[in-house]
Amino acid sequence: MSSEAKLPLQKYLKVLTNNGVSVKKAMQISGKLYKTYNTPAHLSSLTMNDLESIGIEKEDRKLILAALKKGGYRSPTQPNTSPGSSSDSSLPLVSAAVTTVTTPTKKRKRTTEDVNELLPGPTDEAATYGSMEFNEVLDEENLRRKSAIINRAPIMTAWSMIVAERQGFKREEALSIASAYTEMNALAKGVSLGIYKDGKQKGIEATRGGTQPYVELMGRRALYQVQSNQWRALVNGTPAQPSVAFSYISRSLRQTTPYIIGAMRLLAESFAPAELNQKGWDLYAEFRPVVSGWGERAEVK
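Using my numbering, you'd call the opening residue of the sequence shown number 387 and step up by one each time.
Heads up, some of the hints might be wrong.
Taking lysine-lysine and the PhoX-like style, the derived pairs with C-alpha atoms no more than 25 Å apart in a straight line are [stated by the list, open to error]:
no. : residue 1 : residue 2
1   : K456      : K411
2   : K575      : K665
3   : K456      : K444
Distance windows between CB atoms, simulated [stated by the list, open to error]:
no. : residue 1 : residue 2 : range
4   : N622      : A427      : 36 to 42 Å
5   : G458      : N521      : 32 to 38 Å
6   : G406      : A574      : 39 to 45 Å
7   : P659      : R637      : 26 to 32 Å
These are computed hints drawn from the structure, not numbers from a lab.
For each residue, glycine too, the CB sits at the ideal point set by N, CA and C.
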């Protein structure tokens, strides 16, 4: 590939994730970096000062440059700063695309440069929803006495939220992912049962090797956009709002919500994040309600 050719976004993300950067952090970094620094030539000349000028945190700057060196986009002996400059300089640093500098004492006003043009998103209504806590109960002795009669969908939504959080996503991001994950599985199951026409499930899940960003969660690949500086999964091309999944889980589980979520949390924390992502579906299949038909209810505990 030419050093001036623009890297596909998915390959761009893999440069980071394959070299020590978590999936979540790679997404956040790419949202700021990809717009301006998106070719091998750009990446090879990237410095600490460039990263500071577009609002990348100090710890992340070192992580990015180390990942680029491991990925072969920078020489092992290449300096991290521009000649005659310091990575901790207090002087304003200006790039060709961004003219605003983040300072630790004053929160700067968001500009259009803060939003990845490839990943647009409207204002998130969840910001005004209030607390999205489930007040989880983690006492194992107490949990053994609790159960709920419920169908599978709310359990899948709650479990996929827990697994996403273990991968490092914030609560709002994880709830959005949970909505998309449940929708993808419901469509696939509906098609297999003849409830939906074949093809209805197409387009909702990312294709490996494609240019659209995604994160693989328990075998599914939800598409993403950035919204209010957080990532949102897409359902039918629209960002899935966190409040929808939060309300669905709370409404479905009712008074057992703190206990069911707490039990899931304890189970998830008994596995390393990567192992949990790999085994998450099999674990879910072990504790989900045992039913014989679509939408039927059974006990889960």
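Hints, verified against the model:
no.	hint	result
1	K456 - K411	holds (17 Å)
2	K575 - K665	holds (20 Å)
3	K456 - K444	holds (19 Å)
4	N622 - A427: 36 to 42 Å	holds (38 Å)
5	G458 - N521: 32 to 38 Å	violated (48 Å)
6	G406 - A574: 39 to 45 Å	violated (33 Å)
7	P659 - R637: 26 to 32 Å	holds (29 Å)
Of the numbered hints listed earlier, those contradicted by the structure are 5, 6.
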